[in-house]
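Novice: What follows is each chain in one-letter form.
2 protein chains.
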Amino acid sequence: MATFRFHDIYSSTVKAHDKTDKGTSEDLYKHINPRTLDVYADLVLVFKYKQPTLKGVAVSKPEYEKKTLAAYQDVLIRLTRVGLQYETRPSGDDTLLIFILCPWAVLKREATRASINDWLAGVKVADTSETEQLLQPAKERDQSLDQLSEADRIRLMSDLITNMPNEGGAGIHPSHHDYVESILPLHDKAFNKSWLKSWSTKWKVNEQDLSRVRDHYGEKVAYYFEFLQYYLQWLAAPTALGVLVHTFGSSFSIFYGVFVIIWAVFFTETWKRREKELALLWKVHNVSKTEMRRPSFKGTMAADPVTGDMVPFFSPWKRWTRKLLGIPVVLGGALALTTVITAVFGIEVFLTIYYDGYLKEYLIYAPMVLYSLAIPNVAAICKSISYRLTEYENYETRGSHEYHLMQKVFIFNALTSYMSILLTAYVYIPYGPQVISTFQNYGISFSSATIDPHMLQNRLKAFMITTQAISFATETIVPWLTRRAKVQAVKIQKEVAEKLNRDTHEDGSLTVLEDSEDAKKFLKRVKKQVDLPEYDVNEDYAEMVLQFGYVSLFSVIWPLTGLCAFINNWVELRSDAAKISYNARRPIPSRTDTIGPWLDNLQHIAWFSSLTNASILYLFHGTIDSTDSHGPRLGLGMLLFTLLVSEHAYLALRMVVGLILDSLPTEAELDVRRREFGVKRSWLSRAGDAIGYGSAGGVHGLAKRADETPDLSAQLENDFGVQAIRSNLKTN
Amino acid sequence: MATFRFHDIYSSTVKAHDKTDKGTSEDLYKHINPRTLDVYADLVLVFKYKQPTLKGVAVSKPEYEKKTLAAYQDVLIRLTRVGLQYETRPSGDDTLLIFILCPWAVLKREATRASINDWLAGVKVADTSETEQLLQPAKERDQSLDQLSEADRIRLMSDLITNMPNEGGAGIHPSHHDYVESILPLHDKAFNKSWLKSWSTKWKVNEQDLSRVRDHYGEKVAYYFEFLQYYLQWLAAPTALGVLVHTFGSSFSIFYGVFVIIWAVFFTETWKRREKELALLWKVHNVSKTEMRRPSFKGTMAADPVTGDMVPFFSPWKRWTRKLLGIPVVLGGALALTTVITAVFGIEVFLTIYYDGYLKEYLIYAPMVLYSLAIPNVAAICKSISYRLTEYENYETRGSHEYHLMQKVFIFNALTSYMSILLTAYVYIPYGPQVISTFQNYGISFSSATIDPHMLQNRLKAFMITTQAISFATETIVPWLTRRAKVQAVKIQKEVAEKLNRDTHEDGSLTVLEDSEDAKKFLKRVKKQVDLPEYDVNEDYAEMVLQFGYVSLFSVIWPLTGLCAFINNWVELRSDAAKISYNARRPIPSRTDTIGPWLDNLQHIAWFSSLTNASILYLFHGTIDSTDSHGPRLGLGMLLFTLLVSEHAYLALRMVVGLILDSLPTEAELDVRRREFGVKRSWLSRAGDAIGYGSAGGVHGLAKRADETPDLSAQLENDFGVQAIRSNLKTN
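Chains as they are written, first to last, in my numbering: chain A, 2 to 733; chain B, 2 to 733.
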């Protein structure tokens, strides 16, 4: 039999929440609380052994069995070695679920170690009490775990499992292990339920709500929701103004265009500030420094210049050469994608609007087909290229890897989303007529279609509405349907199996143990979760940043863009919560102190918007619904001049706003400084009289300086200065 | 009689250098060393009392005498209060020289206090030993002064004198005191001599030389020389290439133009890095944080958000509104200056080249007159405006005040230096012909003058050569002459005085005391130094940065510009040394961790150069000495396009270079991190077993993890996992 039963697991988990180490499992039962059923185990390791998983090389069954058993045993040994407890349950005929949990002592040790690492890397603010604690001998120290959040607990554990042994971990990483398919924490049904309930029943998500998310899902996910919420609030401005301009103003309003650029600057700059503030509030500032190496990072062993330990090292020069080599590749990909999009766009325009000849009724559908076939594939290729490149650039930490990957991927995302609007605005409408004439030379008959900026507006409308509808569907409805389908499939399988009356090993194994009913239910839930896809926050970021693009780059074309975005995001804020809770595995909490690549992408978009707004207004302002309507202006010189001006205006504004914000420290910053100063002062006060003027001495100089006026009258009597003054002032 | 004689002063100064506190003045004489004669006293306070210095309000002699005596006494009392010693000597009939010096004990106290302030503000790297010392009680601590440089000593003293009493100083500041004209340290003749000797006899100034300057004149001056040296080295590249292009290539070489832009980027970016490195090497990183408030800073008392002490406060919002209000003013000034320069330029061109009529021979000189009259005055006005504005913006520290002042002043400097070249390049040569024709309409007779780019080259040549010659003269020859003249004047005065046989009080007072011959000589030297102007390093920076402008902005016009600059700077490096040593008072050493505004000015010039080079090449490439000569290209569209491209290329390059350099830590940075880590590790090692895996635990995880393989065979026998694997792999 295994070392213990679920109730042991449960009690030791309760211990993890508990302050005290003492107490038998009996009195611990008092703490039992149905809400925490899902926390029977902290993490589940999915061990797959269906043949031939062994790198495609087919091997004989007995040999394979030996290998599998060895691998399984290896996993257990590694877990035991770092002091983790486990309990295995088979699931289906090719999977083992290894429930891992962390006894309180181990958790405490890991927490201590983590806090020290943080302190060493300068993550946490040196807090008097904390620092003092570090200097205390063990028995006196009480590393209380009550400030340890759910997220922290799971993060510490998964680090302990995945880190390399030389970094103090068990060294079990899915990407490195043939049998370990994945490691996942389990959803807290109760939490998710209350989360969704509270968010779906209130209009405005507040700080507490967000901090709850952080405690449960960790900083990385929390940052996304913070950003989404912040962005939603900022959208209010362009929404309101957009509605006004749309109803009362003329289209292509210069006023609105200028406003949008300014808005974009303020939004990005203030978010930078907000982001820093959060990092300080959450004590994750500088956290990237503590990141462990990626398992797939390749480096030659060398002495760390700072700590002197031998560590894998990869020359930044090499990395930079590789990066620079990558640039042309990315550009090539971008070019290819652009050409494809342009081609499809051309055909579409031609067929839908002008073509009037043979087979029109069928050909009309060609563009959609092309679009849905060609572009996704090309985009996919481009993305795989960027994956390869980033892997090749060989980054040391997951953070920097992700950063550079997303930077590349986003280029392609942006192209696919914005290209056809750009084409309409800068090529089709201005130069459409010439295009037609050229076609006419080839004697193709045309339906008389007027080319005017309304097309541009319609295209944007279509994009805003369809894309958002689609994304909503793909994120919430589709997964739900597929899940339903799966369930059905499984049921049918079972029935078949039962018809062939051989009970699946799952049931077999379950009957073997006298698990409680709870436990059985629990196992079922776990299997469901294992089948879910992993959650990638970057996809959500991409969606939001691209949307920000539509607003800041193009909303001057159709001022209601902001409104669409606003509504969408109000829903998004909730649907994403649902997505994480039910349509994805529970993500392993990870820390971060920035939204990383997405901040830069936002800024690049904002910069670019200073060009699009200026040029669109230059081309189309007053082309429609005004008394003196005229075609788009085409003077290159003036256009470039407009661009030059608006871009430099943008840069100047950004600089000023940035400087202003920097000159105003956030409350969080002040708080940090206060505490740092507190630490130093407290140290000083000990050395107090040592320096002669106690703790208050220091930044503001001597506290008390002898204030009595020395009596110099005696000396002054025959001081050369006094004599000189007297005689001189007499004689003058 | 005064409290002591010079030999006492001398001995206590020796004490200041000495490690030990004990020993009678007798055995201290052993240390006497003729080289240090000039260090009789550390600082000299110049006390002027010629009537009516009392804010212009004439007062009766006795009253004025009383006031003066009171003021004098006040000064002495303040000095005594902070523990400084003094000795007064009259000089002339309206000046007292108060020789101040700092007993060892006081210096020790100040040094300690300063090091604590630095530590509190996070300037110095927390060094184990240092920090430990701070925590020792006084008697055990030995604040040794041997790492205290000459510069540090003087800086500490002048701070002690000028700081406000609530900041622990004597609160004597020339800007705040009617009688205190100035406070200056005395030149070290011997040092200056050896300095000049060594530099003028070697081709290349090396690190040691520069560090000697730093120890003697402080970081601020040292930074200037470091920069000058660094810039000189970097000039080698454009010099060499320039010569090649000039001799073999054609003028307006595109290759050279591109090179210059790239060069400018690399120079500015690498200097940034070098600057940081120096700050770390010199332990002045973050030093700006310890700066005391400017005496002229006006603020309402408020609690410091960090330390909680009551301090004068000025809202950054107010400051920003004032700044923004200032912008139009500065622009106005710039506009005015521009118009004046343009007008003069126009007249000059007209008279010198075209005008052929009545009174030509006299009118030819009009431009010079105008130039020398109008422009300096307007520039002066503009500068005084910027002084006012900066004062109005009310900055807290001298550093930030200087920064924003220099930013403004530089705009006017740049205009005066570059405007006429810009006019020639972008207005005169392209549009000259039209101008002529317009004039001709007014029936003014013209000498036939051909307008071609040679003019541009000639103008630049003239600027490079004349300006540099002038600056050399004004910096070295003129001051020397004026000094000579002064000496003569004084002599004559004396003779007159003697003729009227009333001996000046100076002699009178000197005869009163039995000062040594040395002392007499010394007093003469001091008077000489008091008469010298103060040294302002910013003027030298301005000169260099403007010169950098000529090279990066315009050298594409005349590639030998680099060569001129190179030669000039080789001399400059030495002549500036001479200037500081002999043509100026010894500057009070002050610390800094950057060349501040000048770095930004450099970057703005570099940015701007991406525009000038592109446009000049676009306009003039191939206009002369090529087979297919043609007039300047005038297509606005293409020109703007060229600008757009080159500017964005510049920005991209700058970004990449910046990123690359950031990713490569300097040796100094690593050293700092190493020591920080050392401190933390040493603290850890104490708490060693407390955490369970000693000091090596931390960033790289558990040092030793139990490596013995736990024996699981017993459990594995009836582990559900093992059973499942066995059964499944059999049945498959």
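Hints listed in this document are in silico derivations from the structure and should not be mistaken for laboratory results. Note that this is a predicted model, so its numbers are computed, not measured. Just so it is clear, CB atoms sit at the ideal spot from N, CA and C, and this is done for glycine as well. One should not assume that every hint holds.
BS3-like cross-link-like pairs, simulated, lysine-lysine; straight-line CA separation at most 27 Å [stated by the list, open to error]:
(1) A:LYS205 <-> A:LYS277
(2) A:LYS290 <-> B:LYS284
(3) A:LYS67 <-> B:LYS273
(4) A:LYS290 <-> B:LYS324
(5) B:LYS324 <-> A:LYS273
(6) A:LYS198 <-> A:LYS528
(7) A:LYS324 <-> B:LYS284
To give an idea of the chain A side of the interface with chain B (calculated C-beta under 10 Å), a few residues [as the list claims (entries may be wrong)]:
(8) LEU77
(9) THR96
(10) ILE99
(11) GLY638
(12) LEU730
Novice: Decide, hint by hint, whether the structure agrees.
Specialist: Now for the hints, and whether the structure bears them out:
Using a Cα cut-off of 27 Å, the hinted pair A:LYS205 and A:LYS277 holds, with the two alpha carbons roughly 23 Å apart. A distance of roughly 24 Å separates the Cα atoms of A:LYS290 and B:LYS284; the hinted pair therefore holds under the 27 Å criterion. Taken as a hint, the A:LYS67 and B:LYS273 pair is broken in the structure, with Cα atoms around 61 Å apart against an allowance of 27 Å. Annotation: proposed proximity of A:LYS290 to B:LYS324 is violated, straight-line Cα distance about 38 Å (limit 27 Å).
At roughly 23 Å between alpha-carbon atoms, B:LYS324 and A:LYS273 fall within 27 Å of each other, so this suggested pair holds. A C-alpha spacing of about 25 Å is found between A:LYS198 and A:LYS528, which places the hinted pair at or below 27 Å, so the restraint holds. For the suggested pair A:LYS324 and B:LYS284, the alpha carbons sit about 35 Å apart, so the restraint of at most 27 Å is broken. A cut of 10 Å between beta carbons decides the hint on A:LEU77: the least distance to chain B is about 6 Å, and the hint holds.
Annotation: A:THR96 was flagged as interfacial toward chain B, and the flag holds, the nearest CB pair being 9 Å apart, inside 10 Å. Because the beta carbon of A:ILE99 sits about 7 Å from the nearest beta carbon in chain B, less than 10 Å, this interface hint is met. The beta carbon of A:GLY638 comes within 4 Å of a beta carbon in chain B, closer than 10 Å, and the hint placing it at the interface holds. The beta carbon of A:LEU730 comes within 4 Å of a beta carbon in chain B, closer than 10 Å, and the hint placing it at the interface holds.
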